[in-house]
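Asks: Sequence:
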Amino acid sequence: MTAHFDSKTETIQTGLQNIQGSLNSLCEQISELEQRVSSNEDNVDDLTKRVQTLEKENAYLKDKVEDAENRNRSSNLRFIGVPEKSEGRDMIVFMNKMIPLLLGCENFSTMPVIERAHRTPIFGSNARSAPRPILVKFLHFQDKVKILRLARAKEVLTYSGTRIHIYPDFSAGLVKKRREFDAVKKILRAADIKYSLLYPCTLRVTVDGKPKLFRCPEEADLFVKTLPSSPLI
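Here full-length UniProt numbering is used: the first residue of the sequence shown is 1, the next is one more, and so on.
None of these hints come from the bench; they were simulated from the model.
Predicted, not measured: the structure shown is a model, and the values here were computed from it.
Every residue gets a Cβ at the ideal spot worked out from N, C-alpha and C, and that includes glycine.
Take these hints with a grain of salt, some might be off.
[To be verified] Using 30 Å as the maximum straight-line C-alpha spacing, the simulated DSBU-like pairs for lysine-lysine come out as follows: (1) K56 - K137; (2) K62 - K154; (3) K154 - K186; (4) K225 - K212; (5) K185 - K146; (6) K194 - K176; (7) K176 - K210; (8) K85 - K56; (9) K210 - K185; (10) K210 - K225.
[Unchecked claim] Pairwise CB distance ranges, derived in the manner of DEER restraints: (11) R71 - R149: 19 to 27 Å; (12) N58 - P100: 40 to 48 Å; (13) R71 - C105: 30 to 38 Å; (14) D67 - R119: 21 to 29 Å; (15) Q17 - E57: 58 to 66 Å; (16) V145 - N58: 28 to 36 Å; (17) R149 - R50: 43 to 51 Å; (18) K212 - F123: 30 to 38 Å; (19) K49 - T226: 38 to 46 Å; (20) R179 - S39: 44 to 52 Å; (21) K225 - R149: 53 to 61 Å.
Starting from the given sequences, assemble the full structure and let the hints guide the process.
Replies: Given below as structure tokens:
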């Protein structure tokens, strides 16, 4: 009888030892997994920091490239609305004739020196119907500034019965940023409030003779809505 119980006890002890061994092995595996998870978390944190650093560097480099591109365009102007083929065979000769006609011959004792002039492609729904813009690069930055100033002062420009617009030549990225102020500018025009969009992308609003500067469209929108003359009040 005793031998029988001893045999059973030994079997149970053996089973318990096996279970304990399995538990020990399982604990070791869990510990190893925890170490791996901790190591992976450290790796993820390190990768996250690297990605954030790369994103900052990429944004900085994009800003530098865009700034360089806009500096290269600083002496350029875009003439919008000039009928196709009106330039004939020589675009520079044509522009030297058209600019005084648009802005007044009395304003040009000597003609600005044009380095290059050509039409640029347009895309979208107006690609076939609208005339292509004419891009003009002047030798001297001040000539570009003068022409832009005269155009703004005259407001309405026409050539052969066609409305002409003259704009600075900016990079696509800067054009997109400046267009974010379009909604606010529309409100300001409706309220007859003076404004200007400074380079590269700062809205200047003049109220009661005092200028306010906005680099964020949302801030400008909130400010405009508080003005008594705003159509949204």
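Asks: Please go over all the hints and tell whether each is borne out by the structure.
Replies: These are the hints, each one checked on the structure:
{"no.": "1", "hint": "K56 - K137", "result": "violated, 33 Å"}
{"no.": "2", "hint": "K62 - K154", "result": "violated, 36 Å"}
{"no.": "3", "hint": "K154 - K186", "result": "holds, 20 Å"}
{"no.": "4", "hint": "K225 - K212", "result": "holds, 14 Å"}
{"no.": "5", "hint": "K185 - K146", "result": "holds, 24 Å"}
{"no.": "6", "hint": "K194 - K176", "result": "holds, 22 Å"}
{"no.": "7", "hint": "K176 - K210", "result": "holds, 28 Å"}
{"no.": "8", "hint": "K85 - K56", "result": "violated, 47 Å"}
{"no.": "9", "hint": "K210 - K185", "result": "holds, 17 Å"}
{"no.": "10", "hint": "K210 - K225", "result": "holds, 17 Å"}
{"no.": "11", "hint": "R71 - R149: 19 to 27 Å", "result": "holds, 20 Å"}
{"no.": "12", "hint": "N58 - P100: 40 to 48 Å", "result": "holds, 46 Å"}
{"no.": "13", "hint": "R71 - C105: 30 to 38 Å", "result": "holds, 32 Å"}
{"no.": "14", "hint": "D67 - R119: 21 to 29 Å", "result": "holds, 27 Å"}
{"no.": "15", "hint": "Q17 - E57: 58 to 66 Å", "result": "holds, 59 Å"}
{"no.": "16", "hint": "V145 - N58: 28 to 36 Å", "result": "holds, 33 Å"}
{"no.": "17", "hint": "R149 - R50: 43 to 51 Å", "result": "holds, 49 Å"}
{"no.": "18", "hint": "K212 - F123: 30 to 38 Å", "result": "holds, 36 Å"}
{"no.": "19", "hint": "K49 - T226: 38 to 46 Å", "result": "holds, 41 Å"}
{"no.": "20", "hint": "R179 - S39: 44 to 52 Å", "result": "holds, 48 Å"}
{"no.": "21", "hint": "K225 - R149: 53 to 61 Å", "result": "violated, 31 Å"}
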